[in-house]
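Please work from the sequences and hints to get the whole structure.
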Amino acid sequence: MYGVVNSIRAIPTMYGYAAIIFSHPTFLHYMPALSKLVIFSSAIHQLMFTLMSSLPFAIGQVQNVGLIFLGAMATSICNSLNDNDDEDVTAEAKIATTIVTMGVATASLGVCLVIMGRFKLAALASYLPMPVIGGYLAYTGIFCLFAGFAISTGLVVNDFSSMLDAFKDTHNIILCVPGFIGGILLLVISKMYKNPFALSTAIVAMPVFFFLVLVAGSISLDEARESGWMEPAEKSASISEIISLYDASLVHWDQIPRQVVTWLGMVLIVAFSSSLDVVAIEIDMGSKLNINHELKTVGWSNIVSGLFGGYTGSYNFEQTIFTCRSKTNSRIVGVCVILAELAIVAIPVAVMSHVPTFFVAATLIFVALDLMLEWLILAYRKMYLRECVVVWLTFLAINFFSLELGIVAGSTMSFRPNASVGTRNLAQSTVFNVKNAGIAHFEFCGYLFFGSAVKILDGVQKGIYVRRQTSDNEDERGTQRESSFLPIRASWNAPVECLDGTPTSDENAIPTEFVVMDFTRVSGMDATAACSAFAILHNYCKIQGIRVVYANVRPNIRALLLKSKAATDDSIFATTDSALEFCAKQLMPDANGSKETRGYANEPISLLLHRYLGEPDNSRLLKGVDQFFSKREIPAGHEFYHVAESSEHFYFLARGSVNLLVNEDGSVDPGQPLTQLQTVLPGSMFGEVFFFSQQPRQTVAIAAEPCTVFEMSREQFDAMKLRAPTLSVSFLDVVVQSILK
8 MYGVVNSIRA IPTMYGYAAI IFSHPTFLHY MPALSKLVIF SSAIHQLMFT
58 LMSSLPFAIG QVQNVGLIFL GAMATSICNS LNDNDDEDVT AEAKIATTIV
108 TMGVATASLG VCLVIMGRFK LAALASYLPM PVIGGYLAYT GIFCLFAGFA
158 ISTGLVVNDF SSMLDAFKDT HNIILCVPGF IGGILLLVIS KMYKNPFALS
208 TAIVAMPVFF FLVLVAGSIS LDEARESGWM EPAEKSASIS EIISLYDASL
258 VHWDQIPRQV VTWLGMVLIV AFSSSLDVVA IEIDMGSKLN INHELKTVGW
308 SNIVSGLFGG YTGSYNFEQT IFTCRSKTNS RIVGVCVILA ELAIVAIPVA
358 VMSHVPTFFV AATLIFVALD LMLEWLILAY RKMYLRECVV VWLTFLAINF
408 FSLELGIVAG STMSFRPNAS VGTRNLAQST VFNVKNAGIA HFEFCGYLFF
458 GSAVKILDGV QKGIYVRRQT SDNEDERGTQ RESSFLPIRA SWNAPVECLD
508 GTPTSDENAI PTEFVVMDFT RVSGMDATAA CSAFAILHNY CKIQGIRVVY
558 ANVRPNIRAL LLKSKAATDD SIFATTDSAL EFCAKQLMPD ANGSKETRGY
608 ANEPISLLLH RYLGEPDNSR LLKGVDQFFS KREIPAGHEF YHVAESSEHF
658 YFLARGSVNL LVNEDGSVDP GQPLTQLQTV LPGSMFGEVF FFSQQPRQTV
708 AIAAEPCTVF EMSREQFDAM KLRAPTLSVS FLDVVVQSIL K
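Residue numbers for the sequence shown follow this note's numbering, so the first one is 8 and each next one is one higher.
What the hints contain is simulated information worked out from the structure, not anything from laboratory work. There is no bait here: all hints are sound.
Label-pair restraints from in silico Cβ distances:
#: 1; residue 1: Ser530; residue 2: Glu622; range: 35 to 41 Å
#: 2; residue 1: Lys728; residue 2: Thr575; range: 34 to 40 Å
#: 3; residue 1: Ser737; residue 2: Ser245; range: 51 to 57 Å
#: 4; residue 1: Leu392; residue 2: Thr575; range: 21 to 27 Å
#: 5; residue 1: Gly161; residue 2: Val215; range: 20 to 26 Å
#: 6; residue 1: Leu392; residue 2: Asp176; range: 38 to 44 Å
#: 7; residue 1: Glu325; residue 2: Leu392; range: 27 to 33 Å
#: 8; residue 1: Thr575; residue 2: Arg475; range: 27 to 33 Å
Derived DSS-like pairs: lysine-lysine, alpha-carbon spacing no greater than 25 Å straight-line:
#: 9; residue 1: Lys198; residue 2: Lys389
#: 10; residue 1: Lys462; residue 2: Lys127
#: 11; residue 1: Lys389; residue 2: Lys462
#: 12; residue 1: Lys572; residue 2: Lys469
#: 13; residue 1: Lys549; residue 2: Lys469
Glycine included, every Cβ here is placed at the ideal spot set by N, Cα and C.
See the structure below:
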């Protein structure tokens, strides 16, 4: 089912992308074959992601990020060959030269990405400033808008002047209105409804509504085609016709070197965008991914696509997250998308002759409005006003000059010389002595700009120590991890490693529990450093249960950290001493010599669940859930459940810590020797997986210290379903999110 939904969302967009790449008039009569080439390229990308990605639910398609570069190459080649006075170049020669050049460019791009991933150079992409990326993506949006109008009218619309020429005819305006309204509708649905099925349903409903109108008005398909609502009936391109486009004897090989500058820009943009996609997937999943490995996956996908004359592609973030949230942890979804796209290529039917043009236009206009709204209107939410100006200037420079000059101009405007020059490293780490063990202190200096992100990511991760995760052993035992609202630490006897997974220089290093970011000597920071360094570090630390605090932050930098979600109001301190004192108090023994117990013993369960969901404290979403939980004070050593016991209760830990153990031999028999699996910290559920699957326990849960827990029995859960069905549905959403963590 999820494979079908992903296919419905992907395939119409590919027709729009084909219109963007091949917008030059030369390609007009060859669009059936060229559109199938784009869809075939997407099938290849999906095949490679299904085979190679560490995420079994990954969706990889031809993406909008590289389209403008490919379109620029195609237009440049056609214009160059048109200006060739020595010979009359045929349309077939232009097409052969174009698709071979783009195939070479795509494969070469893939090689660069594989090299970057192989030598762990993914962070180098952050040297491209975020405002420049924003300006480029906004330009991609306006290009998608032009393509939407072109599909609606059947005319060549690739700039403002051609758009105005098309709109001189009132009939063309009428043809564009449904697609524009449809794009707005899709945008509103995507923003208002978090359930991805809502958007998929709206996409399917558009052509259905169109055909219902035709039936109600007794309008034939031929009449609709004559009025411009559907493309003229035409013969579909066969596979042999598609293959015939690759005629090496017609290729003008001298055109390939002329696209090198455009290709270099494409490499930087696609590498940066692919890295951001992986980070965004990380944040949504709540678990760390190997960005360099995923970049190699993107690289190999582009290599194979390019060898088949295909086009640039990467992760489709929205569809990957959609499949992830559906708990479809299977590669079958990707296989379904591959089969659907190959079927479109193979069938002897011109699909675009049987669907309304405004339908495909609406999917493109939706992408256009989303990109332009995000980067031209709402950019102030994530960057300074000065950087918003750079976004606009980059956008205008690309429109009025060229793609390459616009990116160079934007990068030049983004550069700001370091206002403080010193002999110290950008980030220096101080490892506290045993008295303050568990606190990592980093001091930054100068102006933190887009080029600083690489050093910050590398330097800070080397100075933060974490317990090595034991997920591989868990898989071997066949146990299913009990999920946590707040991060769960690895077992206490696991070896320590750096946050980036590399070995520590000190074998006796103690795991970090607090990170202090000292901004005393920082004169300024841009949005790229905030998003590509500190927001990512904040997420990595959150996954490990490490709290990050900031000290002595300037007001403008504070605002940027908050906008980028790299910090919260309560994590910013006026001075370095106050930040260090706060961290030390959380770790130091109290006056009686007993360690301070962390947790939320005084808050009701409804408040804790609301905070986990990101709801305000006064939210009414889970109002009344408290009556279905029993609050219990548990002494140290208490056994909540043991292996093979029936699952009649599950728990939410508010205070203290609980050890989860499994049989050493991997069996599920009671009374066997145990080994520690993990430690549950406050803000976590445990026991819920087997409770809701109604399976016998495979783990043992023992209180490591005095605890406060909220317990729900099966009788209480059944009572909630009977007495408060709406509440039970909302609560199940909490449980699902817990299990997905």
